[in-house]
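As you go down the protein sequences, you meet chains A and B in turn.
Residues in the first sequence are numbered consecutively from 1, following full-length UniProt numbering.
Residues in the second sequence are numbered consecutively from 1, following full-length UniProt numbering.
No lab work stands behind these hints, which were simulated from the structure alone.
Any given hint could be a false lead.
Claimed, not checked - Footprint (simulated), chain B over chain A, 3 or more residues, beta carbon under 8 Å:
{"#": "1", "stretch": "131-140"}
{"#": "2", "stretch": "253-263"}
{"#": "3", "stretch": "361-367"}
What the hints assert, rightly or not - For lysine to aspartate or glutamate, the following EDC-like pairs were computed, each having C-alpha atoms within a straight-line distance of at most 20 Å:
{"#": "4", "chain 1": "A", "residue 1": "Lys122", "chain 2": "A", "residue 2": "Glu92"}
{"#": "5", "chain 1": "A", "residue 1": "Lys302", "chain 2": "B", "residue 2": "Asp260"}
{"#": "6", "chain 1": "A", "residue 1": "Lys302", "chain 2": "A", "residue 2": "Glu338"}
{"#": "7", "chain 1": "A", "residue 1": "Lys301", "chain 2": "B", "residue 2": "Asp256"}
{"#": "8", "chain 1": "A", "residue 1": "Lys400", "chain 2": "A", "residue 2": "Asp423"}
{"#": "9", "chain 1": "A", "residue 1": "Lys378", "chain 2": "B", "residue 2": "Glu32"}
{"#": "10", "chain 1": "A", "residue 1": "Lys435", "chain 2": "A", "residue 2": "Glu446"}
{"#": "11", "chain 1": "A", "residue 1": "Lys378", "chain 2": "B", "residue 2": "Asp33"}
{"#": "12", "chain 1": "A", "residue 1": "Lys138", "chain 2": "A", "residue 2": "Asp151"}
{"#": "13", "chain 1": "B", "residue 1": "Lys153", "chain 2": "B", "residue 2": "Asp106"}
{"#": "14", "chain 1": "A", "residue 1": "Lys301", "chain 2": "B", "residue 2": "Asp106"}
{"#": "15", "chain 1": "A", "residue 1": "Lys373", "chain 2": "B", "residue 2": "Asp33"}
{"#": "16", "chain 1": "A", "residue 1": "Lys373", "chain 2": "B", "residue 2": "Glu32"}
{"#": "17", "chain 1": "A", "residue 1": "Lys302", "chain 2": "B", "residue 2": "Glu32"}
Note that the coordinates shown come from a computational prediction; the quantities given were computed from them, not determined experimentally.
Where a beta carbon is used, it is the ideal one built from N, C-alpha and C, also for glycine.
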Amino acid sequence: MSHETLAPPAMRTLFGIGLLALTLSVAPSALLAETDPAAVLRIGSLYEPQNLDNTAGAGQGINEAFNDNVYEALFRLTDAGTVEPVLAASHEVSEDGLTHTFTLKDGVTFHSGDPLTAADVKYSIERVVAEASKSSRKRSLANIAGIETPDDKTVVVTLTSKSISLPYNLSYVWVVNDAAGDITAKEDGTGPYRLEDWARGTALSLTTFDGYWGEKPANGGAVFSYFSEAAALNNALLTDAVDIITSVQSPDALSMFADTSAFTIAEGKSTTKQLLAWNDRVAPFDNVKVRKALARAVDDKKLLEAIWGDRGTLIGSFVPPTDPWYVDLTGVDPYDPESAKALLAEAGLADGFTFTLDTPNYDPHPITAEFVKAELAKIGVTVNINIITPNEWYEKIYQKHDFQATLQEHVNHRDIVFYGNPDFYWGYNNPEVTKLIEEAEASDTEAQQTEKLTEANRIIAEDAASNWFFLYPQIVVSTVKVTGYPVNGLNAQFFLRGIQKAS
Amino acid sequence: MRRLTFRLGLVLLGLAFAVALTTLVWTPWPVEDMSGGRLAGPSWAHWAGTDRLGRDSLSQVMIGARIALMVGLGATLVGGLIGTVAGVLAGFAQRGLDDALAAALDILIAFPTLLLAMLVVAASETASLGTAILAIGLAMSAIIARLVRVVSKRVLAQDYVTAARCCGAGWLRIVLTHVLPNIAPTLLVALALQFGLAVIAEASLSYLGLGAPPPNASWGQLLQQAQATVYTAPLGVLVPGGALVLLVLAINFVADGLRDLLDDSAEVRE
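The following block holds chain A by itself, in its conformation from the complex (with noise of 0.2 Å):
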């Protein structure tokens, strides 16, 4: 299970940015040259979406295939991990950062040949918001107070409180036309590509938009297969059954791809975390020496070795490079068996205890258990390792916060705040550092709420407050003959326009 629960956080993202390339490109191919503008890309996928509406717990697959391919938001957030205008031509804010007003591009039409107008986007966000979107996002846009439509290219939102992170935050709201309806089965956004047809289980295809108002994109359209086995996917590109791969779960599978002639294996950075998480309310792990002895005791180095051969990167704490408030922190507390006795020493507890580990049942988590059990041994801790099922993890652990210690993979981009909620399910309460998180938000530049989290990000790194493993890597496989695809695929999106394919 990938934990998505809060929204993250946001950067201010005022005009000033520079527009960044869409997308990260992989290493060019000499076959470039030659590339098909009509072309189908044959996108393979293990994320079906349950349904088409991302308000109705459709699932990651929605993200994956609809996000800046279907519908268009008033922002997008890159694969580079930064925030650019998409719909919105101007956004300005008020002097107490309460109000913002939003301008929108002219000419821009749905799919069904209605004008974009502000009503729509008050209807998008609205639903986002309503008492039964399932939506992830919705917390994070709570603090709206009213939506007004002065006229039909004018949207004016005011805050309850200030929030710099409110077009990080609209990146994930979907223009829909406010006369679509019910559209768990169809779609009316204003993106480059329309849906073709969906075969639920098997397929989505999604053609281009003749009517779109920006730039045509590179191929001309795309289809995504859906797996339930990663086996069976690997397959499908290995017999040419599929261009690309959206995400390899495994190195070991990469060895089937290693025919750089055929395929390109691009390696981006996900935003996925391993971490063990210490209950931070219960003894000994309120005692911030006993987390360093423990982070300093277990050698993620060999462990992400173990898991994702030379793939995959150490972090010395939550916050992914993507995020703009990254720092390298692997320095905090290395590996150091030594100075981890030492520090339990000094905690009172020279000669060692004994606690549980929840582990949830599916890979990578319990050969990891296996291997914090051992290294735990090493400085004379005891970890008992219980198997748990996803559904007690989140009854357990998320909703009773009955638990020691357990192990987790964190997928969103921008979640440090997760650390300023002292109720979360691990239970870190530093003032401090809830404060930080506060006063980021209402943070009135970038640049003041990139230097507040990045503070609260070292706390929690000198803190230990959890034990970081490693960050996931994010691996697209495709043939040679596709090209430009985003790498990183942060929050799960896959944006198409710029791929392109060989003839």
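Since the structure of chain A is already known, use the hints to place chain B on it.
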């Protein structure tokens, strides 16, 4: 042919027990030793290679044999005890009660063994060797109980039992002197077959993460962990998988052989 497979089964089973007992005092490498390097191939130091953490695969598979036999035997014991008691009681029961018991057993049997075992594990706080044994044993007991009920009814209908009753023999005496000795051959064969199924059930449970918790290197758990690396290190799947196949095959050979030796009705059937 039958004799040959019986002997082969006995040899393999004996070997499994020998390996399992050996692991109590010795394994080629300590299981927590992670010095072998990631997914190393077979070598003199590591006959079956190593896993992702660099631990010796052979040592783990040997320990897996101990877990498989422990859970298999434990579950068969639990299932056999509960099943026999319930089955004999049902055998004695009359009309309404008998119908109700038979129906209850049928309902229990309708649940796949593994599903029933998963329910038991889910109901207990944490998964452990004990819960695995109990879970598989309970699921097995319904199958044994139904068999015992039918066979003991057949015994109870015999004239010599009626004669014993007329002579004033109590039910306990009838069970001990007539029913149990007569159903023993059939029961033993059934238990032997169930033993094999219990070994598979244990591997399935731990494959799903519901069996003995790590670092007990159950074969199911080894298979689960090796699944991610099946392309680059197929040995990680083949060795525990092969061991599981061999053990279950051996148990089934022995069960078949026992049936030939003990169960008279087997000859009639064939």
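Results of checking the hints against the structure:
1. With 0 residues carrying a beta carbon less than 8 Å from a beta carbon of chain B, the stretch 131-140 of chain A misses the three-residue requirement, and the given coverage is violated.
2. Beta-carbon proximity to chain B at under 8 Å applies to 3 residues in the stretch 253-263 of chain A; the threshold of 3 is reached and the given coverage holds.
3. Counting residues of the stretch 361-367 of chain A whose CB lies closer than 8 Å to any CB of chain B gives 6, so the stated coverage by that chain holds, three being the minimum.
4. As the CA atoms of lysine 122 (chain A) and glutamate 92 (chain A) are separated by approximately 17 Å, the hinted pair is consistent with the 20 Å bound.
5. The hinted pair formed by lysine 302 (chain A) and aspartate 260 (chain B) fails the criterion: a straight-line CA distance of about 55 Å is larger than 20 Å.
6. The suggested pairing of lysine 302 (chain A) with glutamate 338 (chain A) holds, with an alpha-carbon distance near 17 Å, which does not exceed 20 Å.
7. Taken as a hint, the lysine 301 (chain A) and aspartate 256 (chain B) pair is broken in the structure, with Cα atoms around 52 Å apart against an allowance of 20 Å.
8. Restraint check: the Cα-Cα separation between lysine 400 (chain A) and aspartate 423 (chain A) comes to about 11 Å, which is no more than 20 Å; the hinted pair holds.
9. For a cut-off of 20 Å, the pair hint linking lysine 378 (chain A) to glutamate 32 (chain B) stands: about 10 Å separates their Cα positions.
10. With a C-alpha separation of about 17 Å, the suggested pairing of lysine 435 (chain A) with glutamate 446 (chain A) holds against the 20 Å cut-off.
11. At roughly 11 Å between alpha-carbon atoms, lysine 378 (chain A) and aspartate 33 (chain B) fall within 20 Å of each other, so this suggested pair holds.
12. At most 20 Å may separate the alpha-carbon atoms for a hinted pair to count; lysine 138 (chain A) and aspartate 151 (chain A) exceed this at roughly 26 Å.
13. At roughly 17 Å between alpha-carbon atoms, lysine 153 (chain B) and aspartate 106 (chain B) fall within 20 Å of each other, so this suggested pair holds.
14. Our distance criterion of 20 Å between C-alpha atoms is broken by lysine 301 (chain A) and aspartate 106 (chain B), whose separation comes to about 54 Å.
15. Taking the CA atoms of lysine 373 (chain A) and aspartate 33 (chain B), the gap is near 12 Å; set against the 20 Å cutoff, the hint holds.
16. A distance of roughly 9 Å separates the Cα atoms of lysine 373 (chain A) and glutamate 32 (chain B); the hinted pair therefore holds under the 20 Å criterion.
17. Of the supplied pair hints, the one linking lysine 302 (chain A) and glutamate 32 (chain B) holds, its CA atoms being roughly 14 Å apart against a limit of 20 Å.
In summary, the numbered hints that this structure violates are 1, 5, 7, 12, 14.
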